[in-house]
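Asker: Sequence:
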Amino acid sequence: MTVCCPYLCAAEQKARTTYDNILRFCDDPDVTDVIRFLRAREVVHYQRFGEALRIVTDKLDSKNFYAFNPEFDRKK
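The working numbering applies: residue -7 is where the sequence shown begins, and numbers increase by one.
Please note that the accuracy of each hint is not assured.
What the hints assert, rightly or not - Simulated DEER-style distance windows between Cβ atoms:
(1) Asp22 x Leu52: 18 to 28 Å
(2) Cys18 x Lys51: 39 to 49 Å
(3) Asp20 x Leu52: 45 to 55 Å
(4) Ala3 x Arg46: 14 to 24 Å
(5) Val23 x Leu52: 38 to 48 Å
(6) Thr49 x Lys6: 38 to 48 Å
(7) Pro21 x Lys51: 44 to 54 Å
(8) Arg46 x Pro21: 35 to 45 Å
(9) Ala3 x Thr49: 16 to 26 Å
It is worth saying that the hints were derived from the structure and are not from the lab.
Since this is a predicted model, take the numbers as computed values, not measurements.
We put the CB at the ideal spot given by N, CA and C, even for glycine.
Working from the sequences, and respecting the hints, build out all of it.
Answerer: What follows is the structure, encoded as structure tokens:
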């Protein structure tokens, strides 16, 4: 699993914990199937946010990244 910024992924982790807690108390197969799907979706979201964060931080040092390009902020 990819490590992600806690501020970006807190909602996914909280939702996953909530789904785990619901699964502990629910015995209706129709409900548990949906909750398992939602829990799996939150795991994937957490992983994708982690990957996106890694890609963005890797690109921050790029010469063409406008937010960190000194030429962008230079007065003419």
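Asker: Range hint 45 to 55 Å: satisfied by the CB atoms of Asp20 and Leu52?
Answerer: Between Asp20 and Leu52, where Cβ atoms are some 47 Å apart, the hint holds.
Asker: A range of 35 to 45 Å was offered for this pair. Does it hold for the Cβ distance of Arg46 and Pro21?
Answerer: 38 Å, holds
Asker: Can you tell me whether the CB distance of Ala3 to Arg46 sits inside 14 to 24 Å?
Answerer: 19 Å, holds
Asker: Pro21 and Lys51, beta-carbon distance inside 44 to 54 Å?
Answerer: 45 Å, holds
Asker: Verify the CB-CB distance for Ala3 and Thr49 against the hinted window 16 to 26 Å.
Answerer: 20 Å, holds
Asker: Go ahead and decide if the range 38 to 48 Å is satisfied by the Cβ distance of Val23 to Leu52.
Answerer: 44 Å, holds
Asker: Starting from the hint 18 to 28 Å, judge whether the C-beta atoms of Asp22 and Leu52 obey it.
Answerer: Violated - the Cβ-Cβ distance for Asp22 and Leu52, about 46 Å, lies outside 18 to 28 Å.
Asker: A range of 39 to 49 Å was offered for this pair. Does it hold for the Cβ distance of Cys18 and Lys51?
Answerer: Given about 43 Å between the Cβ atoms, the range holds.
Asker: Verify the CB-CB distance for Thr49 and Lys6 against the hinted window 38 to 48 Å.
Answerer: 24 Å, violated
In this structure, the hints that do not hold are numbers 1 and 6, in rising order.
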